[in-house]
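Assemble the whole structure, with the sequences as input and the hints as a guide.
Spelled out from the first residue to the last, the chains are:
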Amino acid sequence: MRMLIVLLALLLNAPALAQSALPPAPYADRQIEDPALERKARTLMETIRCLTCQSQSIADSNASMAGDMRSQIRERIMAGEEPEHIRAWLIERYGDWVSYEPTADPILWPLWAAPLILLGLGLLLLRGRIRRRRRS
Amino acid sequence: MKKLLIWLPLALFLGFFGLFASGLLRPGDRIISSKLVGKPLPAFVLPAAASDRPPLQSGEFATGKPRLLNIFASWCVPCAAEAPQLLALKRAGVEIDAIAIRDARPDVDAFLNRYGNPYSRIGLDARSEVQIAMGSSGVPESFIIDGKGRIAYQHVGDIREDDVPMILDRLRNAQ
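Going down the list, the protein sequences come from chains A and B. FYI, in the numbering used here the residues of the first sequence are 595 to 730. FYI, in the numbering used here the residues of the second sequence are 26 to 200.
Just so you know, the hints here were simulated from the structure itself, not pulled from any lab data. Treat the hints with caution; some may be incorrect.
Just so you have them, the derived chain B footprint on chain A, three or more residues with Cβ under 8 Å [said to hold, decoys possible]: (1) 615-628; (2) 638-648; (3) 660-669; (4) 686-694.
In this text, a Cβ means the ideal position worked out from N, Cα and C, and glycines have one as well.
Put into structure tokens, the structure is as follows:
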């Protein structure tokens with residue numbers, strides 16, 4: 595019986611082998627010693643989309659490629675590169691898709707305008723109500 | 026005006042229902058294609074990934090003849106499924122180079138022993154650096170590099186049997 599459980603546990607382990615057997619890159623799961631730089635790297639990593647698990651950021655993902663990207667970002671920030679420069683470099687390769695930060699592209703103008711339009715509609719509605727109350 | 030407004034919630038409901046239904050029935054494209062297609066291959070120098078094949082660097086591509094650059098890994102199952110198609114391309118006279126992602130030399134050697142070796146040169150990209158620089162998002166992927174060293178085409182996923190004629194065609198057009 596015990597043997598069976600051990601065998602079952604081994605079988606359940608199999609999917610983990612579908613990823614690379616190599617250890618993670620040096621800075622994949624290790625913070626930068628300087629907290630200010632680590633904060634910079636962390637903020638960037640939280641807005642970069644993982645290519646393997648497409649609805650997670652690379653900061654949240656356990657995919658080996660996300661680990662490699664984290665390590666690369668930390669190393670480049672330690673070398674003095676600006677986070678926005680790294681983001682632009684990634685967008686050059688993967689398109690806007692890779693960044694969670696909305697851009698000022700014309701296709702996103704309705705998104706930026708929506709709060710203003712909704713606020714305007716609310717004010718119009720409010721004015722109508724106040725006028726009607728005054729009249730009655 | 027009031028009479029029309031009464032129908033607004035129903036109209037909104039139907040609108041959203043249609044939106045969700047279309048999303049469920051026709052899930053979006055999950056393929057992320059490289060934005061570097063049509064641009065020069067990024068510069069890289071990689072160490073050898075296999076014992077009996079030379080290493081790979083980007084300078085070796087602008088030879089006037091198109092080459093296929095295959096991104097693979099010994100731990101990747103679809104890469105094994107793709108191996109017969111790569112061997113068929115090799116037999117058809119295609120020069121194939123490869124980059125092994127997050128791999129180790131003994132594993133690559135064992136993989137090539139088992140599934141065949143269609144590659145002229147194999148570089149080892151232990152930390153996916155060249156893969157990310159090329160805008161590749163997984164394994165396997167294949168890039169056609171034209172004679173001037175530019176990326177002419179990216180094939181995401183394994184090359185199936187019925188993709189082979191299309192790949193040969195694109196290689197012919199990528200002089």
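Cross-check of the supplied hints:
For the stretch 615-628 of chain A, the proposed coverage by chain B is satisfied: 3 residues have a C-beta within less than 8 Å of a C-beta in that chain, meeting the threshold of three. Counting residues of the stretch 638-648 of chain A whose CB falls under 8 Å from any CB of chain B gives 3; the rule of at least 3 is met. With 4 residues bearing a CB less than 8 Å from a CB of chain B, the stretch 660-669 of chain A meets the requirement of three and the coverage assertion stands. For the stretch 686-694 of chain A, the proposed coverage by chain B is satisfied: 6 residues have a C-beta within less than 8 Å of a C-beta in that chain, meeting the threshold of three.
Hint compliance for this structure: every hint is met.
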